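**Q** What follows is each chain in one-letter form.
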Amino acid sequence: MAYVIPKETYSGKVASMTIGEGAKSIAIGGENTMPFLSFEGAIPNRPVIAMEIQDITPDDWPDNLKKYYNGYYDDAAKWAKFCVEQLNAKAIALRLVGTHPDKQDRSAEDAAKTVKEVLSVVDVPLIILGSNHIEKDASVIVAAAEAATGKNCIIGKAQEGNYKTIVAAALAHKHKLIAMSELDINLAKQLNILITQMGFETDRLLTDPMCSALGYGLEYTYSVMERIRLAALTQNDTTMQPPIVGDVGMYVWKTKEVSASEEDMPQWGSLEERGIAWEVVTAMGMLLAGANLLIMRHPKAVEKAEKVIEELTKG
Amino acid sequence: MALSGVEIFKLLPKTNCKKCGFPTCLAFAMKLAQRQASLDACPDVSEEAKKILGEASAPPVRAIILGAGDKAVKMGEETVLFRHEKRFVNPCAFAVNIKDSESDNEIEKKVAMVIASEIDRVGQKLRIDAISIECASNDAVRYEAVTRMVSSRAPDTPIILNCFNASAAEAAVKAIADKKPLLYGARLDNLDAMVNIAKAHKTPLGLYAEGPEALSSLAEKAKAMGVEDIVIDPGAKSAKGIIEGNTQIRRAAIKKNFKPLGYPIINIVMKDDPLIETAIASVAIAKYASIVVLSSIERWKNLALFTLRQNLYTDPQVPMQVEQKIYKIGEPGPDAPLMITTNFSLTYFIVSGEVENSKVPSRLAVMDCEGLSVLTAWAAGKFTASRIAQFIKESGVENEVKHRELIIPGQVAILSGTLEDKLEGWKIIVGPREANGLPTFLKTKAA
Chain A
1 MAYVIPKETY SGKVASMTIG EGAKSIAIGG ENTMPFLSFE GAIPNRPVIA
51 MEIQDITPDD WPDNLKKYYN GYYDDAAKWA KFCVEQLNAK AIALRLVGTH
101 PDKQDRSAED AAKTVKEVLS VVDVPLIILG SNHIEKDASV IVAAAEAATG
151 KNCIIGKAQE GNYKTIVAAA LAHKHKLIAM SELDINLAKQ LNILITQMGF
201 ETDRLLTDPM CSALGYGLEY TYSVMERIRL AALTQNDTTM QPPIVGDVGM
251 YVWKTKEVSA SEEDMPQWGS LEERGIAWEV VTAMGMLLAG ANLLIMRHPK
301 AVEKAEKVIE ELTKG
Chain B
1 MALSGVEIFK LLPKTNCKKC GFPTCLAFAM KLAQRQASLD ACPDVSEEAK
51 KILGEASAPP VRAIILGAGD KAVKMGEETV LFRHEKRFVN PCAFAVNIKD
101 SESDNEIEKK VAMVIASEID RVGQKLRIDA ISIECASNDA VRYEAVTRMV
151 SSRAPDTPII LNCFNASAAE AAVKAIADKK PLLYGARLDN LDAMVNIAKA
201 HKTPLGLYAE GPEALSSLAE KAKAMGVEDI VIDPGAKSAK GIIEGNTQIR
251 RAAIKKNFKP LGYPIINIVM KDDPLIETAI ASVAIAKYAS IVVLSSIERW
301 KNLALFTLRQ NLYTDPQVPM QVEQKIYKIG EPGPDAPLMI TTNFSLTYFI
351 VSGEVENSKV PSRLAVMDCE GLSVLTAWAA GKFTASRIAQ FIKESGVENE
401 VKHRELIIPG QVAILSGTLE DKLEGWKIIV GPREANGLPT FLKTKAA
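Residue numbers (my numbering), protein chains in the order written: chain A, 1 to 315; chain B, 1 to 447.
Treat the hints with care, as some may be off.
As the list claims (entries may be wrong) - If you want the footprint, here are the derived chain A segments under chain B, 3+ residues with CB under 8 Å:
no., segment
1, 36-46
2, 168-181
3, 213-224
4, 299-312
These are calculated hints, taken from the structure and not from any lab test.
Keep in mind it's a predicted model, so treat the numbers as computed, not measured.
Heads up, the beta-carbon is just placed ideally off N, CA and C, and yes, glycines get one too.
Given these sequences and hints, build the entire structure.
**A** What follows is the structure in structure tokens.
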């Protein structure tokens, strides 16, 4: 029996787009095959990892993560610069968590100021994220989008309850946009349709079907992402073609496995490596399911994931 | 390709004798096509039809057993490329590689780690399933001695004889033949000798070739020589090689019913950096490996890989459930708040995670609702006032807490009135609608 390489031909492809401005801008998406199968299709751009920074000192990061950024928490711009210059971050994700009413309830103006400060010191693409508070995000992200006008950022996340204002801001200030829904391919599709009906082009939209950490529902995200990607490729469904975002760090770094001490959990082994491995393996899951952009926290986890991405995309 | 019902029908006696339990041969043929009936049920089928149907109805990836006894691992039998289509059937086995050139002391230490590797996660016992013994010494005497030593220290653990030297392999297989080790392996240059050993001792044979094409012709040769139980290694060392090679093999088997590659895949994932090894092993787990051979088994790495395997091999049709009981979060005293939710694992993980984030020691009553989430369970009549009341009373939590306050999910606020009636002496408090509201809710309540 003669072996024939079993190739698939797909009718659709993932939308491609450029983020950021100038020499360090990055292209993402554009592939017409399932992740890393370059024997049967074109994968013009590798997945990108953005390193997450915040506008306030995080009060919920475990020490084994927090220690890597000691001395940078008081100033988001300094923190961003450290990530780019010392840790080779290819993109920065600024999470304006301090604007959440339960955190410091920082104002939209404060958020805009932070965005400007960060943009003044880094030349890599910037992703601007709210605090995941539907009402507050609507005003915060609008102000942040304005502060970043002309910088071709990614802003988000637009959700069912606030997408109209956020889409309008992305349109007005020429940014890319993350649309987020909760672990359901139909909800993701519906939100994408609503957003494009406002005149927002598919090739400026990214979709975040909600990440889950290893051991905490990873399989749900994994299958939703795989199904989105398959729909984009096999059915040429344009509403499913936006590049996929995996917001890995924020789900990983609140699990028990990344913070329980070795004394409490001797059977779980070294906490230092356990935390990094948890973020790396979650990231691998998202990449294998089709994610184009990951948001991560631990510098070592980013370094290892980058190395494997390199291996998966070369040749 | 698997045969259609009509194609199968053509091969049947067409007597409609009903001896198979179905009204007509056509009905029986349809059931065969859906793999819901066995051809054995037809007493009159011809030998020729049996041969054709037997081959067509064999699973696209052959089932192979690694090892013998209680800890034997079943591999193969996969039918889909993506887990949402049906589910992945037999979770891959993890093996740690031990070189016979290492000192006896080192080897004993590693074996002990394998035996102690078992952990419990969401009710499943997870462990390093097998030991791969690599013939690095190229010395048959040493290899046999190490094989005997490992086998006696880990009598129940399946063994992979990672050995391409036929005389060393033969000595080792003879020593532990009753354990049904996987003999890995055979290449083009030693195929005859290895096939003879595998046949003589009835062990499965691992084949190694560079790439799916070379591997398929090697597998055809081995099969023609009489070996049925085969495990295949496409020789990939990198993440890229693993994802592309394994994908091609699994697609050929499932979509083309290409028999020479219809076997479980073994990937040797050994890297100097244990974090990189973890990441590349993740590729193998997600993309179709049946055996993943690792160079080291740090506990943190085991935990991450076990969890990924468990996640991806979960049946997407059946929600994961956690055990019904009162979970303690932190060290709750008799005054600590008591919340209730359902036993859908994702619900439990998210709720318990948020309670932990609140840093308020609490009790979380998790009620068996057949793995449904709160709103679905309520709609299905499984999370009702009378059932909650019964669960709380029978749980014994009344002896643990001094207060009589039960916090229910905001999604089912509607239950609070009836629940107060059914659960006498208790006050029902409506909590937040979403779990992420719990930290604020609990902190405010504690203040």
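**Q** Hint by hint, where does the structure go against what was stated? Just the numbers, ascending.
**A** Checked against the structure, the only hint that fails is number 2, while the rest are satisfied.
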